[in-house]
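Colleague: Chains as they are written, first to last, in the working numbering: chain A, 1 to 345; chain G, 1001 to 1169; chain R, 2001 to 2224; chain B, 3001 to 3366.
Certain hints may be false.
Claimed, not checked - Here are the simulated lysine-lysine pairs, DSS-like style, with alpha carbons at most 25 Å apart: (1) K2211/R x K2186/R; (2) K2015/R x K3136/B; (3) K2200/R x K2165/R; (4) K2015/R x K3321/B; (5) K2143/R x K2157/R; (6) K2203/R x K2165/R; (7) K2008/R x K3176/B; (8) K2143/R x K2202/R; (9) K3136/B x K2056/R; (10) K3176/B x K2056/R; (11) K2008/R x K55/A; (12) K2100/R x K3286/B; (13) K2008/R x K3084/B; (14) K2077/R x K2143/R; (15) K3049/B x K2056/R; (16) K2186/R x K2202/R; (17) K3295/B x K2056/R; (18) K2189/R x K2146/R; (19) K2157/R x K55/A; (20) K320/A x K3200/B; (21) K3286/B x K2056/R.
It should be emphasised that the hints constitute simulated quantities derived from the structure, not laboratory data.
Residue strings, one per chain:
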Amino acid sequence: MEHFFVNTAHALVAWLTGLGLAPGWADLILLVVQWIAVIIIVILNITVLIWLERKVSGFIQQRLGPNRLGPFGMFQTIADAIKLLTKEDIVPSQTDRMIFKTAPMVFIIISVMLYVVIPMGDGMEIVDLNVGLFYFISIGSLSTIALLMAGWGSNNKWSLLGGMRSVAQMISYEIPLAFSLLGVVMITGSLRMSDIVAAQSNIWFVVLQPIAFITYFISATAELNRGPFDMPEAEQELTSGAYTEYTGMRWALFFLAEYTNLVAVSALMATVFFGGWQGPWLPSWLWIIIKTYLILNVFFLIKWTFPRIRMDHLMSFSWKFLIPVSLANILLTGAGIEVLMRMGW
Amino acid sequence: MSLNDIVFIALAGITLLAALGVVLSRNIIHSALFLVLTFLGVAGIYFQLNAGFVGLVQIMVYAGAISVLIIFAIMLVMDVEPDQTNLFNQSTPTIMAGGYVSVLLAAGLAGAIWFTKWPLSAVQVGDQGVEKLAGMLLGPYVVSFEVAAILLLVAVFGAILLAKGVEDK
Amino acid sequence: MYGTGLLKGLGITLKHTFEREITQQYPEQMPVLPARFRGNLQLDFQDCIACEMCTKVCPNGVLSLESVRDDKTNKKKLMSYSIDFQYCMYCNFCVENCPKHCLHFDHNFELAAYDRENIKKVYQRPQELVTDLPEEIVAAEEKNQKRISVMIGALQKDAPKILGKLLEDEEKGKVLAAALASDQDKLEKIAVMMVEDIEKAKKVAGALANKAAKDHPKEGNVVA
Amino acid sequence: MLQTDQYNINIGPIHPSTHGGLHVEAVMDGETIVDAIVHVGYVHRAVEKIAESRTYTQFIPYASRLDYLASHLPTMGYVQTVEKMLDIHVPERAEYIRIIMGEFSRIASHILFVGSLAIDLGATTGFTYCMRDREKILDLFEMTSGQRMIASYMRFGGFAEDLPEEFIPAARNFLKNIPQMFDEYNHLLSGNEILQARLKNIGVLSAEDAINYGITGPNLRASGVDYDLRKAEPYGIYDRFAFDVPLGEKGDNYDRFMVRLQEIEQSGRIITQALDQLPEGEIRAKIPRIVKPEKGLEVYHRIESAKGELGYYIVSDGGEKPYRLHVRAPSFINLMVLPLISRGGKLQDIIANIATLDPVLGEADR
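Bound conformation, chain A alone (with noise of 0.2 Å):
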């Protein structure tokens, strides 16, 4: 079990080679067919994701939530996804078709991604980067210009102003983000994957790590547009944000995007912070689901617990607090490497 993937992988690059193409082909074929499995297990995942998100939230609030598709109401998702497919694609007349129509797209691109660099098992990476950890955090960044040209493109001051909350919240909070993981970078020496994932067979960078953990779970919710951080959505305030004017199958991708990036978020966390796919008995894979599952729950309990931040403090707690906290982070750790290493480590 534990080698499954990866000598499936394996076996299709010996069976194409055998063919007769050059070893690069191969490799080539090799990426795009693991990038189309990633995208639909990501999108079948999702599917899952959110019947969970219902369910959970549901027990959160004493309730029972979808029940009546299928075993669990587990069908439920799939029913909204059809539904929302047949729903009539509406762009309003005074849009700015370009943007409004692409939005939602460069959304959905940019979060599947984020998938290339994370570790999904022992050697189970699309591509190990040598600057993995950096590639998450910028391509992570792009999509603020997806929210701004949902919300520009909508021509609704609703919508604009969802925009420039999510540029405002975004830019300030990818600060404290990455400042909090150069924490993990510096003890492990690397930003590559696979070897911050080996770096904790030992103990988890979470122990070591505690603050940075703290603050990038904070920024990482607010990064995702995530309650209480949802100032782009916003449901109470700006009606629904940036996606106020979006129907059908275009307002379902913007949700998917969404929680793919949630995912994709959830799992650095597991594999940066909490050991990744390591873990005694099972196969490494699913060492990295349950981790995430797990992680996703906290997201869950908290967004459905939690009050909303109004815009200003939300500004004020990124620049005065967390990059304040992350940077001393930095300081701490880098003295404790430098005294460590004095003492002979």
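Please arrange chains G, R and B on chain A, whose structure you already have, making use of the hints.
Modeller: This is chains G, R and B only, laid out in the frame that chain A set:
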């Protein structure tokens, strides 16, 4: 034509087309968004040159910068129809001056590229790029690095002061 | 310390996550209703003395009734009673003011209907109680029934002519007859109307004829 | 200084957080509110005009529909006004039951306030917990009158029916659970730092402004003015109960929130005392079937409703229908202070301001 060439041509094509889009769009927001695409294309070329770190810095910095640019565009041209925010200037002297500058620039660049001898290094950058970069920035060039950082910080403060204004006592 | 409030909140929600759910699964699990629940308004037809207390006290004119006076006993007899639920505020005034206690709310709350006609509830005098009425009314009713059955028979025999006369337009009559040939129910309804209220019958028949002409214009019966 | 344009943004009439058909036209500078213009009237049902075409009795269910979130209180106000006109003395037992039902309504309304404030601030779960607790009160109402929300239970001279047997144990059971309810609200909402940051020092209404604008009820008391009609001008038998009037200090959103939370507790105290003292006896005074006050009679009567001072002014022309009926609706008057407390705040504050003013549009628009 190898795989590498195909990728390069695709990336260069996207970059050039997007750059044309920046210049020719009548809507300033579209221009800014094309600029994002241009930078992404350039980042792709960096990746192809095995300079992944630089490429990612390009993406990260410009993603943020462009969104801010768009916001400025929205703020500055809000009263105009969006389709007329990035029109060509019709006066002859401006066109003349612009043409002169661009011809000069093109000639200068072409000359520089033509006459420079591009040395081919035998050293493979490989996977150690980031470490080397870090070593350089925090080693020999630490002073200039810090000076640049402070300069940027001052610029940020200046911008905030300009935007918010100083309250009269 | 700053943040303890947040953690306490998380504790509350986490605690409730593992508690039993309190929602009812409505169609399968019906709610337990208290004795005084006000659902559907019911009338005991026999007991009603048509005193019209309920219609007077109703704030919204939901209730209306028809009655006839029996000259011998000088008592009113209820002919029909209608409750238009779309205006009902469930204030209970009618129930409280009924001297015979023949109105009451039952526990059926599923009153939704697709159109307004179906929300209205009409009690007609049941057949077995018709004999209870004063003689001349019974006789009039019988006569009426006879006229209706005659009219239905006539309509079935020669619909185009009768309808043409009704509509004062032979072409229209033909169209309508053709349309109604397959719809006995409507035919009978028109017959009843023609006996009871000729003006209404004219209007309804006219509307039906226009509709039929619109639906089947190709059958050679185009109305000018 | 960077010059920016102002723009208008329409909050409502269809908007998730306006509690009905309220339209606030906000003049914005970025996310800062420069001015807010309140437009009401989207739920106008001409209740006062309807009163002129209905008999005195027939208006009772309409009175319940004014403040449909605490339906016993507006009904009580109307019924007491007409009783004042006709000089009817209500039996002891009925007076006590009125207090019980009225205070339960107040609790229901305040719980809904807490819940709707929570959901307006984005805390969905707080809302569902509040609704869960409110349902228990609605169950009590259903037990007595068969209606959950708009119970037309009160009549001139008393009540339609006596309390059912199972009511008193159920009511005591609810009162027993109030401390536990409070624990939950305090931990989930009022103790939450995010919520405190959103509410404290926002929407400050000074005592002076509150009095000048004619604000009443919990909103006035949150500004620190000790004025409660139940104490200041006891109607019914309110002078027989011991209870405190919770006061705020600053008059900000947090004070308005906390005052209502504490009022739930005080209402619980009143109900406990009323249940203990509840006498046996008649439930309804003998009154003529058709109510006809004397010609030329004018009566004004006011009560402390859940939203503030609710007054009825009725003029009689000797007929069986009122010649004129006017409602002094606290929600309407309280809402008018919204521009004053919103200016200079953020867009997100105005949502909290609307929520803490706790208007019910059925009453504001009438």
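Colleague: Now tell me, hint by hint, if it's right for this structure.
Modeller: Hints versus structure:
no. : hint              : in the structure
1   : K2211/R x K2186/R : 14 Å, holds
2   : K2015/R x K3136/B : 21 Å, holds
3   : K2200/R x K2165/R : 15 Å, holds
4   : K2015/R x K3321/B : 56 Å, violated
5   : K2143/R x K2157/R : 21 Å, holds
6   : K2203/R x K2165/R : 13 Å, holds
7   : K2008/R x K3176/B : 23 Å, holds
8   : K2143/R x K2202/R : 22 Å, holds
9   : K3136/B x K2056/R : 35 Å, violated
10  : K3176/B x K2056/R : 44 Å, violated
11  : K2008/R x K55/A   : 22 Å, holds
12  : K2100/R x K3286/B : 20 Å, holds
13  : K2008/R x K3084/B : 51 Å, violated
14  : K2077/R x K2143/R : 19 Å, holds
15  : K3049/B x K2056/R : 19 Å, holds
16  : K2186/R x K2202/R : 14 Å, holds
17  : K3295/B x K2056/R : 23 Å, holds
18  : K2189/R x K2146/R : 15 Å, holds
19  : K2157/R x K55/A   : 66 Å, violated
20  : K320/A x K3200/B  : 20 Å, holds
21  : K3286/B x K2056/R : 20 Å, holds
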